[in-house]
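Novice: Sequence:
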Amino acid sequence: MSEHLSAHLKIQRPVSEVFDFVRRPEHHTDFDASGMVGRAVTPGPIRNVGDVFTMEMTYTDAAGRETRYRTDNHVTAFEPGRLVEWAVAPAGGELLGWRWRYAFHADGDAATVVTETYDWAGTSEQNRRDYGVPAFKKADLEASLALLQLALVAAHGDQPRLEGD
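In our numbering, the protein residues as written are 270 to 434.
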């Protein structure tokens with residue numbers, strides 16, 4: 270059985286704009302279809318492997334009870350304009366074993382194919398049980414990419430642009 274899921278979407282925005290948006294944790298709540306991702310505690314663009322950004326999160330169980338917590342997200346791959354990936358840990362804790370990866374491929378000058386990957390291959394059996402891993406389905410990734418497309422239009426309108434560092 271595969272231990273990762275991927276989804277792809279062609280977005281009618283230049284790769285530089287899409288990459289720039291995703292590398293900013295303060296935008297992650299804008300394209301999170303799970304409803305779990307909250308405010309970026311450490312906003313500002315991801316710049317390098319080894320960067321760590323902290324996010325506020327909310328988990329709602331089947332009975333509707335909410336648990337609020339923070340995650341430290343350790344950047345494990347970064348190629349400007351091409352790739353950003355991070356591994357998740359509870360704030361101040363050890364890595365849990367799953368990673369989120371976004372790959373960006375230009376499709377001409379004005380379009381980008383974005384691939385989102387959820388990879389849990391490094392997750393221990395204990396963490397799989399404790400956190401219900403895999404916790405997402407391909408449809409969840411597809412919904413997040415659709416939200417990314419909408420968030421880019423909401424943030425930038427019809428005119429592509431980059432944010433300042």
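These are calculated hints, taken from the structure and not from any lab test.
Check each hint, because a few of them may be wrong.
Ranges between beta-carbon positions, derived for each pair [claimed, not checked]:
id	residue 1	residue 2	range
1	ASP399	ARG308	17 to 27 Å
2	HIS273	ASP399	12 to 22 Å
3	THR336	GLN281	36 to 46 Å
4	ALA375	LYS406	23 to 33 Å
5	ASP378	ARG398	42 to 52 Å
6	TYR400	LEU352	24 to 34 Å
7	ASP378	ALA332	42 to 52 Å
8	PRO312	LYS407	39 to 49 Å
9	GLU394	HIS374	33 to 43 Å
10	THR386	GLY313	18 to 28 Å
11	TYR328	HIS273	39 to 49 Å
Computed from a predicted structure; not experimentally measured.
Cβ coordinates follow ideal geometry from the N, Cα and C atoms, glycine included.
Novice: It remains to establish, for every hint, whether it holds in the given structure.
Specialist: Right, here's what the structure says about each hint:
Distance hint for ASP399 and ARG308: a CB-CB separation of about 25 Å, consistent with the stated range 17 to 27 Å. For the hinted restraint 12 to 22 Å between HIS273 and ASP399, the CB-CB distance of approximately 20 Å keeps it satisfied. Here the CB-CB span from THR336 to GLN281 is close to 38 Å, well matched to the stated 36 to 46 Å. A C-beta distance of roughly 28 Å is found between ALA375 and LYS406, which places it inside the suggested range of 23 to 33 Å.
Between ASP378 and ARG398, the C-beta spacing of about 47 Å keeps the proposed range 42 to 52 Å intact. Under the hint 24 to 34 Å, the C-beta atoms of TYR400 and LEU352, about 25 Å apart, fit the expected range. With their beta carbons about 50 Å apart, ASP378 and ALA332 fall inside the hinted range of 42 to 52 Å. In this structure the hint that PRO312 and LYS407 lie 39 to 49 Å apart at CB is violated, the actual value being about 29 Å.
Checked against the given bound of 33 to 43 Å, the beta carbons of GLU394 and HIS374, roughly 35 Å apart, stay inside it. In this structure the hint that THR386 and GLY313 lie 18 to 28 Å apart at CB holds, the actual value being about 24 Å. The hint said 39 to 49 Å for the Cβ distance between TYR328 and HIS273, and at roughly 22 Å that hint is violated.
In terms of the numbered hints stated before, the structure departs from hints 8 and 11, listed from lowest to highest.
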